[in-house]
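Here is how the chains run, residue by residue.
There are 4 protein chains.
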Amino acid sequence: SSRRNPKSWMDTEHRVILNVGGIRHETYTHVLKKIPATRLSRLTPNLANYDPVLNEYFFDRHPGVFAMILNYYRTGKLHYPTNVCGPLFEDELEFWGLDSNQVEPCCWMTYTQHRDTQDTLAVIESLDLDGDPPTQEEIAKKFGWEDDYYSGTLTRWQQIKPRIWSLFDEPWSSQYARLISCFSVFFVVASIISFMLKTHPTFRIPHIEAIFEARPIGRSQGGVDRDKWFVGLGKHLTVPHDAFFYIDVVCNVWFTFELIIRTIFCPSFHRFVSSPLTIIDITATSAYYFDVVLHVAVPGIISLYFPDFISIFCVLRLFKLAQHFSGLKILIQTFKASAQELLLLVFFVLLAIVIFAALVYYAERSQINPSNQFTSIPAGLWWSLITVSTVGFGDMVPKTYLGMLVGSLCALMGLLTIALPVPVIVSNFSNLYSHSQARAKLPKKRRRVLQA
Amino acid sequence: SSRRNPKSWMDTEHRVILNVGGIRHETYTHVLKKIPATRLSRLTPNLANYDPVLNEYFFDRHPGVFAMILNYYRTGKLHYPTNVCGPLFEDELEFWGLDSNQVEPCCWMTYTQHRDTQDTLAVIESLDLDGDPPTQEEIAKKFGWEDDYYSGTLTRWQQIKPRIWSLFDEPWSSQYARLISCFSVFFVVASIISFMLKTHPTFRIPHIEAIFEARPIGRSQGGVDRDKWFVGLGKHLTVPHDAFFYIDVVCNVWFTFELIIRTIFCPSFHRFVSSPLTIIDITATSAYYFDVVLHVAVPGIISLYFPDFISIFCVLRLFKLAQHFSGLKILIQTFKASAQELLLLVFFVLLAIVIFAALVYYAERSQINPSNQFTSIPAGLWWSLITVSTVGFGDMVPKTYLGMLVGSLCALMGLLTIALPVPVIVSNFSNLYSHSQARAKLPKKRRRVLQA
Amino acid sequence: SSRRNPKSWMDTEHRVILNVGGIRHETYTHVLKKIPATRLSRLTPNLANYDPVLNEYFFDRHPGVFAMILNYYRTGKLHYPTNVCGPLFEDELEFWGLDSNQVEPCCWMTYTQHRDTQDTLAVIESLDLDGDPPTQEEIAKKFGWEDDYYSGTLTRWQQIKPRIWSLFDEPWSSQYARLISCFSVFFVVASIISFMLKTHPTFRIPHIEAIFEARPIGRSQGGVDRDKWFVGLGKHLTVPHDAFFYIDVVCNVWFTFELIIRTIFCPSFHRFVSSPLTIIDITATSAYYFDVVLHVAVPGIISLYFPDFISIFCVLRLFKLAQHFSGLKILIQTFKASAQELLLLVFFVLLAIVIFAALVYYAERSQINPSNQFTSIPAGLWWSLITVSTVGFGDMVPKTYLGMLVGSLCALMGLLTIALPVPVIVSNFSNLYSHSQARAKLPKKRRRVLQA
Amino acid sequence: SSRRNPKSWMDTEHRVILNVGGIRHETYTHVLKKIPATRLSRLTPNLANYDPVLNEYFFDRHPGVFAMILNYYRTGKLHYPTNVCGPLFEDELEFWGLDSNQVEPCCWMTYTQHRDTQDTLAVIESLDLDGDPPTQEEIAKKFGWEDDYYSGTLTRWQQIKPRIWSLFDEPWSSQYARLISCFSVFFVVASIISFMLKTHPTFRIPHIEAIFEARPIGRSQGGVDRDKWFVGLGKHLTVPHDAFFYIDVVCNVWFTFELIIRTIFCPSFHRFVSSPLTIIDITATSAYYFDVVLHVAVPGIISLYFPDFISIFCVLRLFKLAQHFSGLKILIQTFKASAQELLLLVFFVLLAIVIFAALVYYAERSQINPSNQFTSIPAGLWWSLITVSTVGFGDMVPKTYLGMLVGSLCALMGLLTIALPVPVIVSNFSNLYSHSQARAKLPKKRRRVLQA
Ligand SMILES: [K+]
Ligand SMILES: [K+]
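For the record, the sequence lines run as chains A, B, C and D. If you count by this note's numbering, then the first sequence holds residues 8 to 459, one letter each, in order. If you count by this note's numbering, then the second sequence holds residues 8 to 459, one letter each, in order. If you count by this note's numbering, then the third sequence holds residues 8 to 459, one letter each, in order. If you count by this note's numbering, then the fourth sequence holds residues 8 to 459, one letter each, in order.
Derived from the structure by calculation, the hints contain no laboratory data. Treat the hints with care, as some may be off.
Stated by the list, open to error - Computed beta-carbon distance windows for the label pairs:
no., chain 1, residue 1, chain 2, residue 2, range
1, C, L284, D, V299, 37 to 43 Å
2, C, Q125, D, Q125, 56 to 62 Å
3, A, L61, C, G104, 38 to 44 Å
4, A, V299, C, S378, 37 to 43 Å
5, A, S48, B, A55, 21 to 27 Å
6, B, F193, C, I339, 49 to 55 Å
7, C, F332, A, S282, 56 to 62 Å
8, B, Y296, D, M420, 41 to 47 Å
All residues carry an ideal CB built from backbone N, CA and C; glycine is no exception.
Isolated chain A (complex conformation) (with noise of 0.2 Å):
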């Protein structure tokens, strides 16, 4: 076609060499143009990088990322390369003042997946996994002592705090952390399996001073007296074992302890105590006081249920391994990272045992059933969740033809719509867990490039 003959357009002298790292690509002067304001639309002979010999431009860059590149200003489509690595396409783009965000569709899932990366690292970066013990000046800068440090004017507390501080939170610093750490977590384990342990029968023994129950008009009369009624040994009137008593006075000590020593020591007293780690403690050292208390000042029956209920706080000491287990860390931070997934799987799980409750109640009332289970909607709720999720209690059946059927389409739709949101969330978890793993693996301290 005509378009395409003009020797004049097509000739030699609208082309442009552009020798990038030793590779010459060649295109015409005017795609160059073609997106304005960077720095090949502003190529001209004047530039330092000029040769006039050759009559082409030098640019000390990878040649072979460039040709995509150059693709983008001739096509207008910014395509991601595969055989590089996203950032280092991402520095060839900026270096030639290219807007990254410009990515073609196609190419979402490439860019998004680097830049899933990158928050992988920063997420991992922050939990401080395994950490080098820190310089002199790092500390002083974490207890914001700068000045001092810098003016060499630390007091003696400013010295001792940071070492006691690392005593107690940085269990890889040195060996008596190490140890420390250990005691730590013998205690938290040691009052989580007293807790589970004194509610067992076998570790109970009946309440031997008699037990008389107030009922609502003897309690009005008064205090703790004869004239209440005589209530008899239940399984409720079982105290635990002495034993367990001297257990958690002794982990409970331990535990006052180290929160008194950490909240002394802390670097900064707002941070830590705003810390959910530190919550968790001070709710669960307070819970067994508060138990505790109520065990002396009332005598009755309700120091004998309740305190127990209230103990349940101690559970959450747990999450206080984390600072010992970085697969605890992990797991936390994939729960924090995947809370949009985890918020539509209980949706996609909420929806669909909605749907079926429903469909299940009312088949189940199709047909005369003398031993229908599904008393109401609400009841069905707890079968569909259990069938969704494949658990299966069997505590409720569907008895009718039209029953089973629900069940049928609910057993297999549910199973599909949890698998759905579930491998986005996995897929979280192993990104964090093998970044984490292969960090583990490399030096923590890296050789630095000179800047020429």
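Mind docking chains B, C and D with the ligands on chain A? Use the hints.
Leaving out everything else, chains B, C and D with the ligands in the frame of chain A:
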């Protein structure tokens, strides 16, 4: 061999140099003739891009991808490169006049993966997940008033209609729209919670007026009169608490109001009425009115049982939430896009459960077994589905050794049969989900490249 | 070092320039001798592709891939590139006279992945999923009449036979064939539904003639006479409704008719008779006739129980649907291709259940436990399989603490043991499925590249 | 800006041309100084590979990969290319004197993936899955007779020993070895089937001699005499059928024979005795003899119960099959390689079940609930593990609404908690499995490349 050695054949004058983007590719002239009617097969020195000095043809295209293009000529096989994005390669193919359908079987996956990505992107575009407020022009187009818009003769009604519509249908368009959308979600949730709770015994009160049921004979005699049999108080003879009546009234007033407003202000009545969400809305709302009418007209036992059966349609309103939650939109699209795989799943499951139901039925009859629960093959279908989906309620369990063997095979094979098509569906979902996530992170408006 | 510095060694006259597709690769002559008996080791200036002016050898091959080829000579290690398709690289290897089996262990996965793809493609080709109508020549070949076809002496029978055959065996060949295939599917489904429903109590009627059973002694005395004991009406003493008899007759008349037609018109009797589908067909049809004969010949109790046992073979007819649904074909192929992995799965499961059955048996006997359900290890096998597959019917449950510990380990380890080989099987399925989907979307007939 | 323009700076005399495998890369001399003590930082024109005519340095290396190497100098960031295999890139890094540990965080996954592949290959090599018969030299080395072998003074014993050993330990070495390995598998399977079947009531006969049990007081008085109390016939008072005694004798004679032969002919007694399979063998065999001795020595009730408890060790012989089935070897290696992930899984599960056990215990006590099955937290542990693993036996089920809510969360969160670490373990297995499959398909002996 003689075929290789003839000097004349190999002579450089049979060679052709193709300068693609600065990189010189070289081949024999006859190679370019192998695929006729393409840009390269028609090369002649008369072309403007022929340089007689260097004896080469210049093309301003991606040099790396051209190696694959030229390889197609050389080997007669079209392979996709994996270091560049599919669409980039297809753009090159198009430029060189080649047909991407001629791709080799070994590259089918690369080829279709890119096609699937394009389908996914089209679906996400159509979902209108979080649009920018449309321009005046786009609105006029949507309502079919282009002529009036361009002539500037929009009536007052034509100016108000789109505003009201966006208030009710485009939650992101304004503050008020967001408020109305919250109202809408609230009433949907309220009506469904009310629907579920009113089936619960706690919220049901015994029906106070004496209930008589008409036996077939009694009914043939006449209307609702005293000579029917007294039935007594059963489960069916309770009615939900009055509060639910008022909740339902309020909710349905809103739904009716919303439906009327939407009907009046919709851009296209036909498209509005035929959309699945409108059909659900109309069905659910009319079911309510049908229920109310029935309740008033027929005061007997039927009105007590039948109405809450019809109200099951109100559960469908859950899908109205799709308007407000993009996750639900993606779920629905996933099931739409995976229709074929879902069918496959159902087909596989049917196959497995029919075979195992027949096997377990005869297996359980192979021994004398008084507690045999597998009384018929249809009953076995339920058992095998529940086993295959690994729910395992335990309401039916094989008792004989042969039955246990069948059950074992059913558990293992069924597990496999279900596991096979699920990943295909899951991957459809993650494609849609991850692309929608990627889109949400990227800027909506993209800088346009100048067309030189 | 001295080995690196000798000027003569490094002299350019020891260098060789290889112009591959326009890109000049350069190496030392001795490097090319490292792999003897290959195209590059035999290079001499006498070759036609040697250019004395430029002092280079020209090869019209892919320049990018050649970098990997040359690297094999340089390093002695054959690595696969990952930016081009496996077969493309292997074509190049073949051209250069290299053996793809010499691939380095780190590239085994790349290597086998491509082999697997080729296997998958071969399987899909053999499945004949949705063929084009074959040409006259192909038909003649299939029926073994090439000679008659080329001589043009096909008899009338030779012309009709393929048409009838394709009518019954190739549903896509014509409108009539599609109709007959629908009939076939309908009768298969009808016969199986009839088979299932006639076991259901609703569709069974009590056996009207008085039933007497011959006790061992009674039977030794003689035939079916009055001195047997009356047994009464039990479950076995019902017969299916007469309607099923007529349905079965109609279905089996069709199956017999189809089988006869196919036997007469099949291209090769031997191949037809030995195909699994024909064997299923013959078995199921003869089972029906055997049943009928038995029913007529032996009017006693045996004929009532035995016949419906034999009719279980009719369930196998489900696999005949594979002819009509490509999904089922792919499922069957998956299990064929995964035979080794299925064996592995069964082996792992057997290993796990034997160990856990033994452990739970002794664990449950460790405490005095009157409700012990684990009376023997074989009974424990059933429990551990049901636990390992996470079905968990709950018909057998450990009651002791030690048993619960074993159960917990069983649930966790079993889960893992099963989870391990499943993904391999799933990936076999998705390979087959996605390739078949890809093939369905691409044009069947491909443009041929001219052989210059 | 002024920093970019100084002509002298950009002058071509500050540029250096690196001809890598024929492709000319170009950069500034100061760039190569950025990473000191590497091959490129030490370039001088005195080197033999410097060509003064073309003013370039020649390196006979992969030109494509060098672009990434040079990019490291330019940007100071080491990225892995993804179009070539990891080891190929690392070989290049080594040649250029660079450290692969300096890889950028964004390429950690590429880096570790290759490391994992190498680990996998090392494991597979060590598994000795299907070896070729070793040479005489290798055998002599294995038995520590190198000196005798090279001096040619192998005694008759030194010639026979390896043959007998390979007969019993290397099933692939000869026909006879395969036969003996079949025997070995047969006896293992037979002994385990016997072990399982003899616990089954069908194969147990009532103990014929009258059984009296010694009450504590009775036992203190003396031996096995008549003044003990008669206990009666219970489950414990049955003995397995005599046939099992003979089966056990035959099996154990073989195992003893095998063990003795292996002990005599093993290459290294120390390594043989400390291998896990030998320990299993010795334990299981001695358990049998202990059982026999006990049975003969103590004829009372203890000998009836205790012996079959000890025989549980014979189940361990299943692991001896690993010698014969490579699948089992891979399973064991997977668990070894995934030790860390298994620990993580157990830790996550423990965390989840402790939390949910505590929650459900108090939830179920929140309402008056006479059928409460959650009597203690340890009992709740069993329930929450069975729920978390989605087995769901249904022996314990929450009855209160709060308990159901806890159960729902437990089913969903538990599902996730377990789903997270499983894919890591699964991927360890598929790596090992697929590499072992790949190895099996490739030729064992590889052509060696000549070292020029
Ligand atoms: K279950
Ligand atoms: K289950």
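Verification of the supplied hints:
no., hint, in the structure
1, L284(C) with V299(D): 37 to 43 Å, "violated (56 Å)"
2, Q125(C) with Q125(D): 56 to 62 Å, "violated (27 Å)"
3, L61(A) with G104(C): 38 to 44 Å, "holds (39 Å)"
4, V299(A) with S378(C): 37 to 43 Å, "holds (41 Å)"
5, S48(A) with A55(B): 21 to 27 Å, "holds (25 Å)"
6, F193(B) with I339(C): 49 to 55 Å, "holds (52 Å)"
7, F332(C) with S282(A): 56 to 62 Å, "holds (59 Å)"
8, Y296(B) with M420(D): 41 to 47 Å, "holds (42 Å)"
Violation of the numbered hints given earlier is confined to hints 1, 2; the remaining hints are satisfied by the structure.
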